[in-house]
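From first to last, the protein sequence lines stand for chains Z and B.
According to numbering that gives the first Met the number 0, the first sequence holds residues 0 to 179 in order.
According to numbering that gives the first Met the number 0, the second sequence holds residues 0 to 262 in order.
These are computed hints drawn from the structure, not numbers from a lab.
Treat the hints with caution; some may be incorrect.
To be verified - Quick list of in silico lysine-lysine cross-link-like pairs, DSS-like style, CA-CA up to 30 Å: (1) B/K68 to Z/K12; (2) B/K185 to B/K146; (3) B/K135 to B/K185; (4) B/K146 to B/K135; (5) Z/K11 to B/K146; (6) B/K160 to B/K250.
To be verified - Label-pair ranges, simulated between beta-carbon atoms: (7) Z/G148 to B/D4: 26 to 32 Å; (8) Z/H70 to B/G158: 47 to 53 Å; (9) Z/A13 to B/S6: 40 to 46 Å; (10) B/T167 to Z/S59: 54 to 60 Å; (11) Z/P146 to B/E27: 43 to 49 Å; (12) B/E122 to Z/S119: 18 to 24 Å.
Heads up, the beta-carbon is just placed ideally off N, CA and C, and yes, glycines get one too.
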Amino acid sequence: MVTSETAVMDEKKAAILGEIPRLRRYARSLLRDRDAADDLVQDCLERALVRLDNWQTGESPRRWLFTIMHHLFIDQMRKVNRRGEAAMLPLAAAEAVAQPSEQMESIASREIIDALQAISPDRRAALVMVAIEGFSYAEAASILAVPAGTLMSRIARGREELRGLLDDTARRRAIRIVEK
Amino acid sequence: MIRRDFSERDIHMALDGELPADERAAYEAWLDANPEMKAKSARFTADRTALQAAFAGVLDEPVPARLRKVVLGEAPVKVAMPRSRWWLAAAAAVLVVAGGLGGYLAGIDGIGLENPAEDRLAEQAIAAHVVFAAEKRHAVEVPASDKDHLETWLSNRVGLKLVAPDLTANGFQLVGGRLLPAGESKAAMLLYEDDKGQRISLFVTAQSAENAKGTYASAQDGPRAVYWLDKGYGCAVVGSLPREQLAIVAKSAYGQLLAGLAS
Chain Z
0 MVTSETAVMD EKKAAILGEI PRLRRYARSL LRDRDAADDL VQDCLERALV RLDNWQTGES
60 PRRWLFTIMH HLFIDQMRKV NRRGEAAMLP LAAAEAVAQP SEQMESIASR EIIDALQAIS
120 PDRRAALVMV AIEGFSYAEA ASILAVPAGT LMSRIARGRE ELRGLLDDTA RRRAIRIVEK
Chain B
0 MIRRDFSERD IHMALDGELP ADERAAYEAW LDANPEMKAK SARFTADRTA LQAAFAGVLD
60 EPVPARLRKV VLGEAPVKVA MPRSRWWLAA AAAVLVVAGG LGGYLAGIDG IGLENPAEDR
120 LAEQAIAAHV VFAAEKRHAV EVPASDKDHL ETWLSNRVGL KLVAPDLTAN GFQLVGGRLL
180 PAGESKAAML LYEDDKGQRI SLFVTAQSAE NAKGTYASAQ DGPRAVYWLD KGYGCAVVGS
240 LPREQLAIVA KSAYGQLLAG LAS
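Same shape as in the complex, but just chain Z (with noise of 0.2 Å):
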C-alpha cells in the first residue's frame, strides 16, 4: 500500500534527522575542521538515503548510519594514502590563529582535540566510538569491522598515544614557562 510505504518512509527519515547531531559529533572528532566533518556527514546522509531500502526496521538507525560513515571515512583515508598524495600543508596556514569555530575551545580541550588528530585513523576512530560515541566493545567492532581484539587494542593504544602527546604537550609548555 502506497500509503503505508510512505509512512515507513517518513518514519526512517524521521530517524535519520535524529541522529545527525551524533554523526556531526563523530565527524568532527575524525576530521576536526568543521566544514569538512559536515562534508563528511552530507556524504553519509546522501548515501544512506540511497539505500534506505538496505535499512531494516528494527535496526538501530545510529548503528547502521555510523557503518555507513565510517566506511566511507576509511576508504577515503585508504584512497588518499595509497595515492601517496602529499598534503601539503603552509606553515603560515598552520600557525595561523585557531579559526572562528574553535574559538570556543578551552586550551585544554584545543589541546585534546589536536592530540586526538594526531593519532592513527584506525586507532583514533575506535577510541571515539566507545570513549565518546558510547557504543560497546560489540557495538563498535561490528560498526568497524574488526574483530573485538583489535579493536581493544586499538582502543588500548589509542589512549596510551592520546596521553603520551598530552604529557609531550604539558612538558612543552612546562619548558616554555621556564624560559620566560
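Given the coordinates of chain Z, assemble chain B onto it according to the supplied hints.
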C-alpha cells in the same frame, strides 16, 4: 568475589563499562594494590572526561540546513563523487603537525595536491635521510669536529653561504655533513643526533625558483620532511620524530640557516 589476575587491559575494559559487575570489586582491590596501575587508570579516566567535554558542544549546535535538506529530499541526491573537501582534510590530518598549530585547516582550501618542485625536494631529502642516517660509521663525509672546513666546503659546492645550525637547545648535536646530488644540482646534507641516537637531517640546495613551505611524508610510517623553498634555495628537515617536535626543530634550524645565508 571473583578472583583472577588483572592487567592493563582491564583498565580499558573498566573505563568503557565492559568489566563484568561481579569482577568490579576484585578489580578495585587490584588497583589499590598497584599504585602505578591506579595512576594510569586515573589518567585515562581524566582523558576520557576531557575528550567527552571537548566534543560535547557539537550535540547542541543547530543542524545545518544543508544536512536537513538531504534527508528531507529538498536537495537533489548526488551519489557520483564524494565531496572533495573532507577527504582533503583527512589527508592533511594524516600528516599535519599536531598541537599548537590549531586552525591549520583555515588555509586548506586551494592547496594544490601536486607540486613537483616541492615533492622532489622533500623526496630527495627523505631518500638521503633513509640511506645515510642509518649508517653508523659512514653517515657523514666530514665530521662535526671539522665544522669550519665542513661549512666552507659545502658552501662552495652548493653555492650558498651555509652555517650549520646549532640545535643543542633542541637536544641535537651535529654529527657532520656530506655532499649529495640533487637533480642537476648539488645538495648539502647535515646530520644531527640526540643523546638517544635519534637522527635528523638537514637538506639544503641552491636550486629553487619558487616560494613554498609545508610538510611531506612519502609513507605514513616513514620519516617526514618539513621543507621550505624560496627564491634561490630549498631546505628540508627530515626525521622520524613526533610531528610536533620535528616542526619545532625545523623552525629553529630554518631560522639559523636563513640568518647564515644573509650573513
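Checked hints:
no.	hint	verdict
1	B/K68 to Z/K12	holds (11 Å)
2	B/K185 to B/K146	holds (19 Å)
3	B/K135 to B/K185	holds (23 Å)
4	B/K146 to B/K135	holds (19 Å)
5	Z/K11 to B/K146	violated (72 Å)
6	B/K160 to B/K250	holds (19 Å)
7	Z/G148 to B/D4: 26 to 32 Å	violated (18 Å)
8	Z/H70 to B/G158: 47 to 53 Å	holds (52 Å)
9	Z/A13 to B/S6: 40 to 46 Å	holds (45 Å)
10	B/T167 to Z/S59: 54 to 60 Å	holds (57 Å)
11	Z/P146 to B/E27: 43 to 49 Å	violated (29 Å)
12	B/E122 to Z/S119: 18 to 24 Å	holds (23 Å)
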